[in-house]
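All chains should be modelled from the sequences, with the hints used to inform the complete structure.
Quick note, the sequences are listed as chains A and D, same order. Residues in the first sequence are numbered from 314 upward in steps of one, following this note's numbering. Residues in the second sequence are numbered from 17 upward in steps of one, following this note's numbering.
A few of these clues could be false.
Said to hold, decoys possible - Label pairs and their calculated CB-CB ranges:
(1) D:Met38 with A:Thr447: 24 to 32 Å
(2) D:Gly151 with A:Asp443: 37 to 45 Å
(3) D:Gly277 with A:Ala473: 45 to 53 Å
(4) D:Thr216 with A:Ser462: 52 to 60 Å
(5) A:Tyr374 with D:Lys152: 39 to 47 Å
(6) A:Pro445 with D:Arg125: 50 to 58 Å
(7) D:Thr287 with A:Pro416: 18 to 26 Å
(8) D:Ala426 with A:Thr447: 44 to 52 Å
(9) D:Ala425 with A:Thr469: 58 to 66 Å
(10) D:Met38 with A:Thr469: 23 to 31 Å
(11) D:Thr404 with A:Thr469: 55 to 63 Å
(12) D:Ser444 with A:Tyr374: 22 to 30 Å
(13) A:Ala473 with D:Ala142: 33 to 41 Å
FYI, nobody ran anything at the bench for these hints, they're computed from the structure. Cβ atoms here follow ideal geometry from the backbone N, Cα and C, with glycine treated the same way.
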Amino acid sequence: MVRAAPPTEVGTGDFEELYAAHFHNLTVQLYAYAGDMGQAQELVQEAFCRAYSRWKQISTYDDPVAWVRKVAWNLATSRWRRARTAANFLRKHREQHVSAPSPDRVALAAALATLPEKQRGAVVLHYLADMPITEIATVLGAAEGTVKSWLHRGRTALAAQLSEQEN
Amino acid sequence: MSDFEQETKLHGAFAAFRAESMHDVSPAGTDAVRSTVRHQRKVRNIALGVLALTVMAVPVAAYATLQGDPHGPPPGVPGTTAPVTAEPTPVPSPSASLDQKAPDLPNARIAVPGWPGGENITKFCAAGTYTFANGKVVFGQHEGYESTYSQDTEYPLVRADLDGQPGDEILMHLTCSGPGSFHPQQLLALKPLPDGTVRTLGWVIAPKPGEIYAYREVSVKVADRVVSVEVMGAYRTNGWYTRKQTRSYRYEGTAFKQVAGPTSFPVVPSTLRGLDLRQQPVQVTDFGCTGCRLAIVNFVDGRGSDTVQTAFMTDPTRVAVYEFTIEGFVIAGPQGGEHALALVTSRAPDGATQKRVYDVRVGTTGPGDEFGVILENPVAATGKGGVTDIVGIKAGPRESTVEVTVRTAAGQEARIYQWGVTGSQSWSHEPS
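Pasting the structure below:
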């Protein structure tokens, strides 16, 4: 949907709605990708700040949240390039007095953390953002065939990891 | 396992992951977005102003050089003013003796005591004497990640007498960082010595062995050698804090001991059923405080307040006291679980009041995850959507609905909000 006219000022209800509707989902996606809930929230917040400062333009886009997701994803990729085993760390360092996620969540986070960065990104966008291959390719800046390959290898590795943990 | 089974299993695993993780997300809110953008624009404008001054200064300086002007640019010309980026000058403690050398804390050698936390924190945040550089020291590697201690410079150091001896001691916020969300922080007391070094007195917040409490940096105060601080419960790597208690500690010669305040936290509710919201510690998000993230309010008879911290940590003096009053609370269910809305009035330091109808959530997501009660995602607020007042809330005409009576320019109207329309995990306003 393309709006007939851009809003005359920033801070309209559209932005509020976009934020309310997508902040949680985007944060969970970045959390799955990078393994850090607090930083995922900060990066999504930063992405929304950037959207807000350009809201006159972005509000005219067909899918403003795609822009926010792309920015947040870029921020995450650049900032956490080395954060490969964060979730694995979390699994191993559960404190008795630290609130712990459920075993299933820990298992999936740990399995995700073992995937190469690109595969993990493709898998997260596919399963958590429910995005088609074409959109994943846009977010990750790769060819569709490459994304298919990442997705195939990622899901196979994930399934194997989860089965291994069950046994 | 067939491809179909594999795909089904993965979809199920991710769906559960998403459902559970959603509860841990606590948005800073759109007010924070607006204030951040305003702040960034202000900073950018200042930077552009400095750049403009620099551009102007270059030709002036060049002119002076080429003309051999022994006096340089005349007074008042840009480029002759004091450097904009002057280094901050350390301010010595008023009570420090004149011949005492002020410690250079960001580059000091500091003895970090053993952390009182659980086995893994103690193991990961290693005790030892470390030489900091620019407030940070990398002291180890762990599974490919650097282990670091860093001095929190976002808040000013607290200097006060802690040990009864001449001279003030220093309270430092020290963070132990590893990968992921692992950033426990402790309040460390240091005693400056005449030669410019420091001696460690110990951790101030001293709960039982095996525990580290998260605390609010801005709340740290000292009076008569007693350190008071708001603690929020055991440190954890996920979720947000919903409780606060003011506890006081005093240095007793070898270690800090708690001398006032509660010694334990009450169990947080795990369900909305039977919840007395008016007598609860509650986290409130999105309450109209520009640049603030969240408030923790200990409600007593429906009233409470909080000194909230600013999101702009570069300006540590920006704290503000907000007052809150619970005007109404409705539990709607049981379809799809328990859900509730609360009508809350907030009062800003300038006296401005706003009303909001919040989604009420009990953030317990599993054993040990005692996140507590959270008010978030307002479905209605004065000043938004033409709402000038919110008169009240009550149970709606059907299960999982709440009726909110608002006032607009067109008059008073009853709005029905329903939880979980078409499977969503939120409240929806039914069109009238």
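When the structure is checked against the list of hints, which entries are broken? Sort them ascending.
none
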